[in-house]
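The listed protein sequences derive, respectively, from chains A and B.
The working numbering applies: residue 28 is where the first sequence begins, and numbers increase by one.
The working numbering applies: residue 28 is where the second sequence begins, and numbers increase by one.
Hint data in this document are derived by calculation from the structure and do not stem from the laboratory.
Warning: the hint list may mix true and false statements.
If several chains are the same, the list does not tell them apart, and a pair holds so long as it fits within one copy or across any two.
[What the hints assert, rightly or not] Below, in silico cross-link-like pairs of lysine to any residue (SDA-like), each with a Cα-Cα straight-line distance of 20 Å or less:
#, residue 1, residue 2
1, Lys134, Asp419
2, Lys243, Arg188
3, Lys116, Arg273
4, Lys201, Phe170
5, Lys243, Gly161
6, Lys254, Ala57
7, Lys352, His213
8, Lys243, Tyr131
9, Lys254, Asn45
10, Lys134, Asp421
11, Lys225, Thr142
12, Lys263, Leu442
13, Lys117, Ala338
14, Lys192, Asp421
15, Lys225, Thr101
16, Lys243, Pro184
17, Lys243, Ala47
18, Lys134, Ser220
19, Lys352, Glu133
20, Lys134, Arg420
21, Lys243, Asn64
22, Lys117, Val157
23, Lys243, Thr49
24, Lys86, Glu76
25, Lys134, Gly216
26, Lys192, Ser287
27, Lys243, Ile46
28, Lys200, Gly174
There are 2 protein chains.
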Amino acid sequence: MNYTAEIIAVGTELLLGNIANTDAQDVSIALSELGINVFFQTVVGDNVERLKQAVNIAKSRANIIITTGGLGPTFDDLTKQTLAEAFGKKLILNKDVANTIMAYFEKRLPGIKMTNNNLRQAELPEGCVVFDNGVGTAPGCAFESDGTHVLMLPGPPRECREMLKTCVTPYLKKLSESEIHSHNIHIFGLGESAVEEKLRDLMENLQNPTLAPYAKTGEVMLRLTAKARSASEAEKLMKPVLDKVRETLGDIVYGVDTGSLENTVASLLIDHGTSLATAESCTGGLLSKRLTDIPGASNFFFGGLVTYSVASKTTLLGIDPLLIKEKHAVSREVALAMADGARSGLGADIGVGITGLAGPDGDGSDVEPGTVFVALTTNEASFCRRLSLSPDRDRTRAMGASHALDMIRRHLTGLRVVGE
Amino acid sequence: MNYTAEIIAVGTELLLGNIANTDAQDVSIALSELGINVFFQTVVGDNVERLKQAVNIAKSRANIIITTGGLGPTFDDLTKQTLAEAFGKKLILNKDVANTIMAYFEKRLPGIKMTNNNLRQAELPEGCVVFDNGVGTAPGCAFESDGTHVLMLPGPPRECREMLKTCVTPYLKKLSESEIHSHNIHIFGLGESAVEEKLRDLMENLQNPTLAPYAKTGEVMLRLTAKARSASEAEKLMKPVLDKVRETLGDIVYGVDTGSLENTVASLLIDHGTSLATAESCTGGLLSKRLTDIPGASNFFFGGLVTYSVASKTTLLGIDPLLIKEKHAVSREVALAMADGARSGLGADIGVGITGLAGPDGDGSDVEPGTVFVALTTNEASFCRRLSLSPDRDRTRAMGASHALDMIRRHLTGLRVVGE
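I would like the entire structure built from these sequences, with the hints used as guidance.
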């Protein structure tokens, strides 16, 4: 049997934009791990007519319908009634669930009288499987009708996530025959469209595994996904594609399943027993922030200096003010001096210096906003990249930090650090 | 004319759960500010047939259709073709847009040959209004057909958000008869449910204006929105509610329409002509990163030291190693010494020191993960807050930085800096 799922999130707060639909994301992740296709997600408010409409559409194109939200005790919680009716089921008071809810109230809120509407949470579609709510009162449930499986989950993200893990995945695993396995291929140094251009022939002809690109600031991730009866069979399907991608893209692939660039760099620094110190101007601490996002960063990160003012470059890094005057604070020479200053000041193996004009405005000199110099120095070598970016403050800063990480990675793995 | 909007987000990555649908949230917020109803949000993959199906359903129940995603240069970017076809429009190469894209490439990536697929981004439905993309290459657009307005926005959240502000809101405002005006009330120091509890009576009885809470890490924002025929009429409706909120919440309201906490602090520092230096341990540069997010930060931010290792606290801040040994690196005394070290080292008016154990793991000592000390010192005064947070690394770091900003704000505005 081939399953197609559709997710319906119920809640007016989603339509007002009060919260992001993280429930749909969590359900999608769980389904994609099970190899179950999701073709549509829908969001509908707390409104019986419109929910009915969404359910009828979903019925026509999916055989697994998963709803989130609208299971609570209040009058606008209408999911169970509406779904039961749509599939010709009655709601019946489940005594076990009613007892659990009463016990919950007695235990958590002694002395507070439970209102009757709380018992509405114990009314469930006849013949359903009850999904216990480990972290709240409203249970979820699942029933089958004419080959369609309907699963209803609570809306609060913590409750939904917990129920996905403990109830939904086991329920759906029983339905599914094949497994899904995937690899994430991480790329820095080429934009999304250029990556796709290089891989177009490969991507267009793939059925299983599939290869899909995801872009984030300055980076591209390719997800390679295979459907098979076992992990080893999936790996066998993915291996030649992974090899081909590596061969085509070369050393701009910085890792497979390694997480972020900072994660990769952190692992490399730890493996090499190499220590790092940073001096940041335009990035204002973003590089050190990203490095210290990694638990255990104290093993390699000796410290950082955010020398945002000209004076601080002199005070903290010992840079000759004449050099800054002569070459400009945003220059190759100052970036290199910053890297050296951080490295010697903190006694680290590698020093990184970043100076640039993040913009949006210029500083009155010839330096264009969006210009960034990123330098890396060690005892033996020194490198500097010059970036000419669009004068978008956030992006310029993000790219400055990412280029620094890329230079560290290249230096530690024996690749060419600057230029092609 | 009464408008009902439907949002269609296009992207397989959403159906796989790779990202949350924040675009739909952002669009919903923008529409709700304009007083336009949204009854459905749909997510569909990069698939022509299913996108067509979603568009046809949306056509039958809404007269504003807003899509996000699928405007890029790659072969799976199909939104424009599909929407144009659904409404009987041709795609035509827009020369102005093509020139802009070519100029963009020439300027940003000199020497790199633009691939032809990038020009596909300049093919737009005949007779459409072009929405310039301020932060990327793919333009958005809008057209009207038989009373239905179709608006297409790019998928990358940054581009979508920017286009909502600069193009979509002005476009839709022209359709609407009444004006919507709003104020954002920014709060730090109380959680969302506590804020709601305090304001419950007020919020429940409001019709126009409305008051809606939005939570982000450690902060709450209340959006006050009024619908009226003019700005001054809207202000008249909002004034008493705004006064009541301020009266109820007191000095935890850090600003109205002031943007982020760092924005507020930056303005205060500039107004007071006060300079700042920071020393960060567990936050690893996050505070200085947030301060330097603000253009013009060099006017008040003299510099920052990221003293992630014990040695760097001694080397860079001149802290007596015995003090660290005796009191522990995560202690009130060390936080204060860090603030003093940064202040005197950089010659700034205010010094801030943050030291903590972000977790998730402990360091073998008595200090609990989630413990953070935030110190602020000046020539005359010194303050230190002790935070006991849950051992969630990202949250602990974010809260440490936010508390530092809150302390600076309180110090500069003559409020009590520590304790209640």
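Within, between, both or neither: Lys243, Ala47 at alpha-carbon 20 Å: both (16 Å within a copy, 12 Å between copies)
Identical-chain pair category, Lys200 with Gly174, by Cα at 20 Å: within (16 Å within a copy, 47 Å between copies)
Status of Pro184 relative to Lys243 across identical chains (alpha carbons, at most 20 Å): both (17 Å within a copy, 10 Å between copies)
Intra/inter-copy verdict for Lys134 and Asp421 if alpha-carbon distance must be at most 20 Å: Between copies, since 19 Å is at most 20 Å while 37 Å is not.
Intra/inter-copy verdict for Lys243 and Thr49 if alpha-carbon distance must be at most 20 Å: both (14 Å within a copy, 14 Å between copies)
Homo-oligomer pair classification [Asp419, Lys134; C-alpha up to 20 Å]: between (43 Å within a copy, 14 Å between copies)
Up to 20 Å CA-CA - Asp421 versus Lys192, copy category: Between copies, since 17 Å is at most 20 Å while 29 Å is not.
Alpha-carbon proximity between Lys116 and Arg273, which holds within one copy, between copies, both or neither at 20 Å: neither (52 Å within a copy, 41 Å between copies)
Up to 20 Å CA-CA - Ala338 versus Lys117, copy category: This pair counts as neither: shortest intra-copy Cα distance 66 Å, inter-copy 59 Å.
Identical-chain pair category, Lys134 with Arg420, by Cα at 20 Å: between (40 Å within a copy, 17 Å between copies)
Identical-chain pair category, Lys201 with Phe170, by Cα at 20 Å: This pair counts as within: shortest intra-copy Cα distance 14 Å, inter-copy 48 Å.
Alpha-carbon proximity context of Lys254 and Ala57, limit 20 Å: This pair counts as within: shortest intra-copy Cα distance 14 Å, inter-copy 40 Å.
When the structure is compared with the earlier hints, violations turn up for hints 3, 7, 12, 13, 19 and 21 and for no others.
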